[in-house]
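Work the whole structure out from these sequences, hints included.
Protein chains in written order, with my numbering: chain A, 839 to 1240; chain B, 172 to 538.
If you are wondering where the hints come from, they were derived from the structure by calculation, not from laboratory data.
Don't take every hint at face value.
Said to hold, decoys possible - A few chain B residues facing chain A, derived, Cβ under 7 Å:
{"#": "1", "residue": "Val324"}
{"#": "2", "residue": "Ser367"}
{"#": "3", "residue": "Val525"}
{"#": "4", "residue": "Pro529"}
{"#": "5", "residue": "Ala537"}
No experiment lies behind these values; they were computed from the predicted model shown.
Note that the Cβ used here is the ideal one computed from N, Cα and C, for glycine as well.
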Amino acid sequence: MSTTADSTATFELSPELEKYGRQLREWSVAELRPRARTADTEKKNPDDWDAILNTCPVPLGRPDRDDDERPKFEDGYWVSQLVFYENVCYGDLWALPLLSPGIGHLVVAEMGTAAQMETWYASAMRGESVSGFALTEPHFGSDTSQVATTAVRDGDEWVLNGSKIYCTNGARADWVTAFATTDKTLGGKGIACFVVPTDTPGFSVPKPNESKLGIRNWMTSELLFDDCRVPLGNRLGWDATGPADTSQMSGQHGALAALSNNRPNMSAMVIGIAQAALDLTSDLLAERRSDMSTRRWDAASNDIARMNAALDRSRRINFKAGFVIDHGAKNRYSPAIAKAFAPQTCDRIIRRCMQLLGAEGASKDLLLEKWYRDCKIADIFEGSSQVQRIIVAREVVGRIAG
Amino acid sequence: MLNLALDGDQQDVVEMTRDLGAAVLSPAAAATERGGAVDPAAWQALCGSGLTVLLSEDLGGDGIPSTVTQMTALEQLAHGDPQATIAAAWSGSAALFVSEHGSAMQRAALRDAAVTGPSHRGAVALYESAGSHEIATTVETDGARVRVRGRKVAVPFAERADTMIVLGRDPSNHELRAVVVPPGQEGMTVRPRAGSLGLDATEQAVVDFDLELPVEHLLAHEGLGLTVARHRLILAAVQTGMAQRALEYAGDYASQRIAFGKPIASFQGISFLIAEAFARTEQARLEILDAASLVDDGAPEDQVTAAVDAAVSYASENAAETTRNAVQVLGGHGFMTEYPVENWYRIAAFLSTVDFDPLASAFQPAF
Chain A
839 MSTTADSTAT
849 FELSPELEKY
859 GRQLREWSVA
869 ELRPRARTAD
879 TEKKNPDDWD
889 AILNTCPVPL
899 GRPDRDDDER
909 PKFEDGYWVS
919 QLVFYENVCY
929 GDLWALPLLS
939 PGIGHLVVAE
949 MGTAAQMETW
959 YASAMRGESV
969 SGFALTEPHF
979 GSDTSQVATT
989 AVRDGDEWVL
999 NGSKIYCTNG
1009 ARADWVTAFA
1019 TTDKTLGGKG
1029 IACFVVPTDT
1039 PGFSVPKPNE
1049 SKLGIRNWMT
1059 SELLFDDCRV
1069 PLGNRLGWDA
1079 TGPADTSQMS
1089 GQHGALAALS
1099 NNRPNMSAMV
1109 IGIAQAALDL
1119 TSDLLAERRS
1129 DMSTRRWDAA
1139 SNDIARMNAA
1149 LDRSRRINFK
1159 AGFVIDHGAK
1169 NRYSPAIAKA
1179 FAPQTCDRII
1189 RRCMQLLGAE
1199 GASKDLLLEK
1209 WYRDCKIADI
1219 FEGSSQVQRI
1229 IVAREVVGRI
1239 AG
Chain B
172 MLNLALDGDQ
182 QDVVEMTRDL
192 GAAVLSPAAA
202 ATERGGAVDP
212 AAWQALCGSG
222 LTVLLSEDLG
232 GDGIPSTVTQ
242 MTALEQLAHG
252 DPQATIAAAW
262 SGSAALFVSE
272 HGSAMQRAAL
282 RDAAVTGPSH
292 RGAVALYESA
302 GSHEIATTVE
312 TDGARVRVRG
322 RKVAVPFAER
332 ADTMIVLGRD
342 PSNHELRAVV
352 VPPGQEGMTV
362 RPRAGSLGLD
372 ATEQAVVDFD
382 LELPVEHLLA
392 HEGLGLTVAR
402 HRLILAAVQT
412 GMAQRALEYA
422 GDYASQRIAF
432 GKPIASFQGI
442 SFLIAEAFAR
452 TEQARLEILD
462 AASLVDDGAP
472 EDQVTAAVDA
482 AVSYASENAA
492 ETTRNAVQVL
502 GGHGFMTEYP
512 VENWYRIAAF
522 LSTVDFDPLA
532 SAFQPAF
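The structure is reproduced here in structure tokens:
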């Protein structure tokens, strides 16, 4: 049978991107993994994190440096992001917040004016500033229409009052995108988003980090806005005189849309960790092969093959999600499927790995138990798998799906 | 004749242990977790219940309850605090081995050891890298001496057990053997405790054995398989009591937390998580009951082992998934140590590694 000459579809990455990913992975194993246990125990980054990151042979896109831009690949920006997240997390994920400009700039991209894009989005993309994302409050998570933080106009300023929790990087951001209601009676439609530089009077961080199951060195911060005043033009979609023409989006919609693009990245993060767990387990089991009966060795081998297949499945839907964003044909279901599938699957992979190794697999002598704790967050933040299922269902049957 | 009703005594035990769990164990659970050691008041209450340290009446105990009664009780106690419960039950299980299989001399030693006292700790060294399957530890009798060689994992109170029972197989006939190893015995090497994903209050560690003892340290091996089966069910019962607690906790939270104008329990994405957790937990409970009744009936060892294998595997898978569902229902709060569910999530996964058999289940992705 002849081959179809005009079929160009492939999941193969460009050799340049493939090489970049491989170099990241090797570096992550060599330099990040040995510091993972201490970062977890001490709940902070190593004091010499700057020197550690400097050892990376390829650019990381660090927001704290202006000479460290990530290379551009023909595979596309979002596809490249996925390769970055998976491979940099393969060693361990502790350094990730140091390598990311946050997600606040994505909100600016969804809701901002051209001038706001230039000021905030561009600075984050150039790695000149770190952004925080302040949406969740103690009484709500998924239901963003319940925002109780208020924004009241006072002349040329907006005055913000309220508190936000679970803001990744909140304690080290240069500015945060804070969602607040301008009119409670409007529910979700009354919510707007404001860029608040973290040196603004009235902004404070009462609790830099929570005590958590995993990602213990990541700053998961509580933020307080106490008569916090920002210029009129810091409201996304506005300028110094009032609403600009460019954006009619409600704040609530902007938040969810911004999150959607980052969801595959979070799946790539846990894919990297689960792959690391699986590779480590395969190696340890191979050393034990002579101690195992043939039928148990076969069962374990079958499990490992199934788990590798599940990770490949996670990658394919992730690449589809990245590809469609890169090609301007964005859909809502690809990132939702990606994030509904990978986090739960990766939790199960790491747990199965620990089980295959017996009780020592869950010992702190290994990192599997840390990775099991770290991974869990991926099925909670940026939309749980339950929320993702609703998004997918609405794709099929419309808003009727609840 | 099929009969799934608990008798009057068993109902009293359920009530007593549920109350003890709620009144004593649950309030002390956070202190136990924080300190990495069972809270002393909780320990005393557990040992005083007669349901963790299993001691026959001639040894000063309350008599040995049936396996069904014991597992029913442990499930209720674990509902209060799984960590303290399994620590005390694993510790007390050593007394059961001596009660059931000990010689007059071994029994006299146990009677003098004040095993229900606050500082006494027991240990049954059963599990290995491949769970309780394919035990590689050998117990070899040579005239007046018995030699024990092997490596055990998840040995509770490894550094300080007063009564340590080591399980192995006789290499000549592959039969189960159990040996009482005295504290501080030469040839017993406890690896430094690194800590684990959870359950650090059991003070479990890896222990290497390469030692010789007088043959008087052997326990009688008749019926040993049934006692091992009973010991293994402790883990399943604790997983199931913890799963029940976690799903009730998630259910309460879901009834109070408001989103989109109503309690989140009214959304099927949440209520189905809780329903599936409850359904599986009920099935795990019945599977344990079935296996426990086979132990009590003295059913053939192969049949008992198969039933226990299945019950342990399902109970662990359920507990791991149910505690995960509970974290999901609580969302971000579930990830924070201020709430108990993250600890249950860690304990369930840790326990699921202890007695795992790759032949009993297969990996399943999310969908």
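Hint check results:
no., hint, verdict
1, Val324, "holds, 4 Å"
2, Ser367, "holds, 5 Å"
3, Val525, "holds, 5 Å"
4, Pro529, "holds, 4 Å"
5, Ala537, "holds, 4 Å"
Violation of the numbered hints given earlier is absent; every hint is satisfied by the structure.
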